[in-house]
Amino acid sequence: MDNPTGLAYLAAGIGSGLAIIGGGLGIGKLAASAMEGIARQPNASGEIRGAMIVAAGLIEGATLFALVIMILLVIK
Amino acid sequence: MMLGAFLLTVALAAAPQAEPASAAQASPVATESATPAAEAPAEHAPAAAATTGAAEQPHAAAEGESHGTAAETLMHHVTDDPQYRPFGMPFIFPGGKHLFFLIFVMGLVILVARLAIGSYKNGAPQGIGSVVETLVVYVRDEIALKNIGHDGAKYTPLLLSFFFFILFAALFGLVPFTGTSTGNLSVTLALAAISFVAQQYAGISKYGVAGHFKNLVPHGLPAPLLLVMIPIEVLGMFTKPFALMIRLFANMLAGHMMITALLMLVPLTAQISQSLGLFMIPISLGMALFIMCLEVLVAFIQAYVFTLFSAIFIGMYAHPSH
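In order, the protein sequence lines correspond to chains Y and S. The first sequence begins at 1 in my numbering and counts up one residue at a time. The second sequence begins at 1 in my numbering and counts up one residue at a time.
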């Protein structure tokens, strides 16, 4: 192998892309359901929004774990 | 309540002081190890064009002189700078850039709180006081009381300290030539550690040490299940603040990296040709401005999310499910 660190950059690039796909799908699905819920029950929009932000935060947290690993791959 | 909140802010901001100080000592190593690696991707593009491995080394070294500065600037923008001169003043602030802005934002939070308290006339807030009151009432009613329950008022000062410190640090960090102290892992570690202590205190003060740890797992579980549940719950105790730490850090770091990277497009394309660089200016500025507006939103969301999750976790330990 000529340059093994190049593989780390490749892994970081592909890995962060995959992590973003997962996080994007998760939050997208969550937002779609929340919109649907608000459309059906407009007077419950406050509660739905609060619950949506909590769940979005958890999904985002999991995605960020992956991204931090990618950053570590690049700067190590 | 307000006074208590901002006395706690002092304690809160004083606690991380030790952290960035040690981080600042460690950071020369960190920045040195970070910058060559960050330089490398910029070098790799021209290096890939040179097909032979022998030609690669001197070529990359020569390119590194001119191109490496882009990645260096990017990393310099987001990492702690131990040789920081506050606002270009002719002295080095001991402890580095992030510690300086930590203390600066701490002072700002106290100042805004004092101004808000002072703005009350005949029991009604004026000017800045009404803005602060809206946020304080929101944190108390929508975050603390809703998620912790009737004893949420006890934790409101702490949650307000989290909220205002994170909000101000993030907003102030968007001002050019400043830094975001919450974009430093040591600072968010200290914030998460305070949150962790508050969570454990919520459980222990209510049920005692033994009762608190007994509450970690639901009552009446079959014994074989306990073998799995106890390690998971003990692990969960630490992953909660860890997630808080990583979330805040990564959000603050990512936003600033994005803005810098978009602004760096101009010098990078100008290296290819000058007219392309000039053409890039409005595009780059427009995108950077968009991310900057997004960052204002992110500042509020992250302050809200950190406070909300702290409240939820405190409530989880204060009212375990039976």
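Source of the hints: derived by calculation from the structure; they are not laboratory data. Note that the Cβ used here is the ideal one computed from N, Cα and C, for glycine as well. Hints may contain errors.
Which chain S residues face chain Y? A few, computed with CB under 8 Å, are given here [what the hints assert, rightly or not]:
| hint | residue |
| --- | --- |
| 1 | M89 |
| 2 | G152 |
| 3 | K154 |
| 4 | A250 |
| 5 | L278 |
| 6 | F279 |
| 7 | V305 |
Label pairs and their computed distance ranges (CB to CB) [stated by the list, open to error]:
| hint | chain 1 | residue 1 | chain 2 | residue 2 | range |
| --- | --- | --- | --- | --- | --- |
| 8 | S | I283 | Y | A66 | 23 to 31 Å |
| 9 | S | F87 | Y | A66 | 49 to 57 Å |
| 10 | Y | G15 | S | Y207 | 39 to 47 Å |
| 11 | Y | G24 | S | T239 | 17 to 25 Å |
| 12 | Y | T5 | S | L278 | 18 to 26 Å |
| 13 | Y | G6 | S | D141 | 49 to 57 Å |
| 14 | Y | A55 | S | L285 | 32 to 40 Å |
Cross-check of the supplied hints:
1. M89: violated, 30 Å
2. G152: Given a least distance of 15 Å, the restraint on G152 (chain S) is violated.
3. K154: Where the cut-off is 8 Å and the nearest Cβ of chain Y is about 22 Å from K154 (chain S), the hint is violated.
4. A250: holds, 4 Å
5. L278: violated, 30 Å
6. F279: This hint is violated: F279 (chain S) lies away from chain Y, its Cβ roughly 27 Å from the closest one there, beyond 8 Å.
7. V305: Nearest chain Y Cβ about 5 Å off; hint holds.
8. S:I283 <-> Y:A66: 23 to 31 Å: holds, 30 Å
9. S:F87 <-> Y:A66: 49 to 57 Å: violated, 37 Å
10. Y:G15 <-> S:Y207: 39 to 47 Å: At roughly 42 Å between Cβ atoms, Y207 (chain S) and G15 (chain Y) fall inside 39 to 47 Å, so the hint holds.
11. Y:G24 <-> S:T239: 17 to 25 Å: Holds, at about 23 Å.
12. Y:T5 <-> S:L278: 18 to 26 Å: violated, 35 Å
13. Y:G6 <-> S:D141: 49 to 57 Å: holds, 54 Å
14. Y:A55 <-> S:L285: 32 to 40 Å: Cβ of A55 (chain Y) to Cβ of L285 (chain S): about 35 Å, so the range 32 to 40 Å holds.
This entry does not satisfy hints 1, 2, 3, 5, 6, 9 and 12, going by the numbered hints stated previously.
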